[in-house]
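Trainee: Heads up: the protein sequence lines correspond to chains A and B, in order. Residue 215 in the UniProt record's numbering sits at position 215 of the first sequence, and the numbers go up by one each step. Residue 374 in the UniProt record's numbering sits at position 374 of the second sequence, and the numbers go up by one each step.
FYI, nobody ran anything at the bench for these hints, they're computed from the structure. Any given hint could turn out to be false.
To be verified - To list a few chain B residues with every Cβ distance to chain A over 12 Å, as calculated:
| hint | residue |
| --- | --- |
| 1 | L23 |
| 2 | D123 |
| 3 | D131 |
| 4 | P206 |
| 5 | T359 |
| 6 | S364 |
As the list claims (entries may be wrong) - Quick list of in silico lysine to aspartate or glutamate cross-link-like pairs, EDC-like style, CA-CA up to 16 Å:
| hint | chain 1 | residue 1 | chain 2 | residue 2 |
| --- | --- | --- | --- | --- |
| 7 | A | K224 | A | E179 |
| 8 | A | K224 | A | E274 |
| 9 | A | K358 | A | E326 |
| 10 | A | K310 | B | D64 |
| 11 | B | K268 | B | E195 |
| 12 | B | K268 | B | E211 |
| 13 | A | K337 | B | D69 |
| 14 | B | K337 | A | E248 |
| 15 | A | K309 | A | D256 |
| 16 | A | K309 | A | E354 |
| 17 | B | K337 | A | E274 |
| 18 | A | K309 | B | D308 |
| 19 | B | K358 | B | E326 |
| 20 | B | K203 | B | E33 |
| 21 | A | K224 | A | D200 |
It should be emphasised that the depicted structure is a prediction, and the values quoted were computed from it without experimental measurement. Note that the Cβ used here is the ideal one computed from N, Cα and C, for glycine as well.
2 protein chains.
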Amino acid sequence: MRERRVAKARARKQAVAPEDLPLGQILAGDCIEAMRTLPDDSVDLVFADPPYNLQLGGDLNRPDGSGVDAVNDHWDKFDSFAIYDDFTRDWLTEARRVLKPDGGLWVIGSYHNIFRVGAILQDLGFWILNDVVWRKSNPMPNFKGTRFTNAHETLIWASQGEKARYQFNYTAMKTLNDELQMRSDWLIPICGGQERLKHDGHKAHPTQKPEALIYRLLLATTEKGDVVLDPFFGTGTTGAVAKRLGREWIGCEREDFYRGIAAERIAKELPLDESALATMQSRKAAPRVAFGTLVENGTVPPGTQLFDKKRRWHATVRADGSLVHERQSGSIHALGKVLQGAPSCNGWVFWHMERDGKTVAIDSLRQEYLLANED
Amino acid sequence: MRERRVAKARARKQAVAPEDLPLGQILAGDCIEAMRTLPDDSVDLVFADPPYNLQLGGDLNRPDGSGVDAVNDHWDKFDSFAIYDDFTRDWLTEARRVLKPDGGLWVIGSYHNIFRVGAILQDLGFWILNDVVWRKSNPMPNFKGTRFTNAHETLIWASQGEKARYQFNYTAMKTLNDELQMRSDWLIPICGGQERLKHDGHKAHPTQKPEALIYRLLLATTEKGDVVLDPFFGTGTTGAVAKRLGREWIGCEREDFYRGIAAERIAKELPLDESALATMQSRKAAPRVAFGTLVENGTVPPGTQLFDKKRRWHATVRADGSLVHERQSGSIHALGKVLQGAPSCNGWVFWHMERDGKTVAIDSLRQEYLLANED
DNA sequence: ATGACCAATGAATCTATAA
DNA sequence: ATTATAGATTCATTGGTCA
């Protein structure tokens, strides 16, 4: 169940007890104020879809707390950038405090705001892991023919810092992408059809994100039971998908209207059952089997000759699970490394043996052992 | 041939006489100093490929043990974000001065630097017209399985200001893209093969850009005879493509070695006649759909039962698009292969599901998805 | 000639754990 | 914090060799 580049245990132990968190709740009011009610180091992931209209007016406040009236355009764009930057720094700072040391952050935006968000989160110490491009399969055309069709949005995925650990479910992503590494460009349709929430025949929210987008990033960077915080909850897509995937969630949303819609939507959502939630596990996460175990139980008896695929090197298995080749000896990894003069070697895939007239990698013997000794 | 959203006449009259510009020359020294020698309002387009400030750690080895030849040049080293920001502000300021009022600016970067560049150019008054994603058809994989494959870079296209006019050859782009509006995501291979400049058997420059990329942006945002300035000239891709397309060019490059290579390269380049312009057509995205896409978007929800045509085997779909059958799990292809004991299996045609009381192959669901989401 | 096979390589912030 | 050891990890393309 572990694919964290992380011993999660320590962070988990320190973690806030679930009963001290408003799980499954949509906090009312300004997201910065709302986040202030949450304890330090308490959520595993933040997903944020902040407003990016730079003339937001009521959505923004000056550093001194006074409101900004953008309808009066005596604000030139430099002022509005500065105000947007302050706003961004404020909510990112609060998100950083609430996030566990090995938690992850996702932010989505367009060219209007994403460069500002990216630079500020770097300044705050977040460490960018990837920028991910959401390629829209059905974007709105550029009606006037004045620019390229704006056919994508950008997501930034970051950890708490350069040395911070983070969750990345590599194998699940690779499986989701037909056995190829998941790339940083994702082709996903915009939210429409049945999925698009309507109110009085009109779209309920102007920027509702597709569930498939949230699905992928939650599957990639959280595990079951993790707590996901969305400071700009809107119609609650994050909550709906989190619930479906067996993740806990907390939302912040200032508009009563959206809170109502989101709560209703999430109530209808059903969690997937256990068996569907399981995902492909990386070998990193498999229980460790020492080579010595296979020697002990007779799968690879002492004295067995091992060799690499091209039979350029060979070695003999000793009773303690070490290998010997002429005067050199060591673990399956160490000897493989020394013989090849390589910087490192995974002995499990390097070494092979004869069995029933066939050449088998010792790694496949380990797989058999694991299957036969599950649980 | 006018498609400028612009009356270009005024700017053109004020323009510096060509004989006062070092057209077709590579200026030596630091690009900021070099640009200072150019008059105000004198070039039509700036294309810049500045250092990315990669901040790489130690060595990286591939799974086969071979090393990755990383960018480790002195020109990519900056002590802090603040110093990188100062450098960026300085060269952008100088570029802004040299650029005509209705000129265009392109900058390319990766997540390491592009957010800083984007925010600073907004601060300086540039107006972003699009961000464009260069999707690499053949990126380097993420060897350690720690992140998403970093499969794209980002370009920013900007005008001198919100009200500034700019050149955009809408029809040329539409033609290049099979009569569909050119989108903001461009699929182009990385620079390799014959195009990649070599020196003593090694790549001459660590970050040579593909000509197709420069070709497209010059074709989109300049017209014949325009002056293109590249402050980070490197191996002179911008000069070579500009010459081919009948545009004038000026380069800045501090390394003697690169200046030599670039000059030699451009000398060999021949201007294209009009009729040949259609040669480097865009490559359309391959219509590849992963099974996981159908799981994400709800076509095949997690928990769905799949079975082969004769219903000899069955399996359950999990959240990451893997299948599980008793103790065995894997992708649609891998599990089909294991269950049948076959050397290979095309899971798309092997697996079926019930829909509306009918049995359908999952391949037909893929076809439907492709039809509904054509690019 | 053709195909099979192998080697090389590209802007990369590229491991986890225990002692 | 540092060090040593176990062990996990790649895609598309080009170009060369050999049957």
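Trainee: Work down the list of hints and note, for each, if the structure agrees.
Mentor: Consistency of the hints with the structure:
no.: 1; hint: L23; verdict: holds, 28 Å
no.: 2; hint: D123; verdict: violated, 7 Å
no.: 3; hint: D131; verdict: violated, 4 Å
no.: 4; hint: P206; verdict: holds, 20 Å
no.: 5; hint: T359; verdict: holds, 21 Å
no.: 6; hint: S364; verdict: holds, 17 Å
no.: 7; hint: K224/A / E179/A; verdict: violated, 22 Å
no.: 8; hint: K224/A / E274/A; verdict: holds, 10 Å
no.: 9; hint: K358/A / E326/A; verdict: violated, 25 Å
no.: 10; hint: K310/A / D64/B; verdict: holds, 14 Å
no.: 11; hint: K268/B / E195/B; verdict: holds, 13 Å
no.: 12; hint: K268/B / E211/B; verdict: holds, 15 Å
no.: 13; hint: K337/A / D69/B; verdict: violated, 21 Å
no.: 14; hint: K337/B / E248/A; verdict: violated, 36 Å
no.: 15; hint: K309/A / D256/A; verdict: violated, 65 Å
no.: 16; hint: K309/A / E354/A; verdict: holds, 11 Å
no.: 17; hint: K337/B / E274/A; verdict: violated, 25 Å
no.: 18; hint: K309/A / D308/B; verdict: violated, 35 Å
no.: 19; hint: K358/B / E326/B; verdict: violated, 25 Å
no.: 20; hint: K203/B / E33/B; verdict: violated, 28 Å
no.: 21; hint: K224/A / D200/A; verdict: violated, 36 Å
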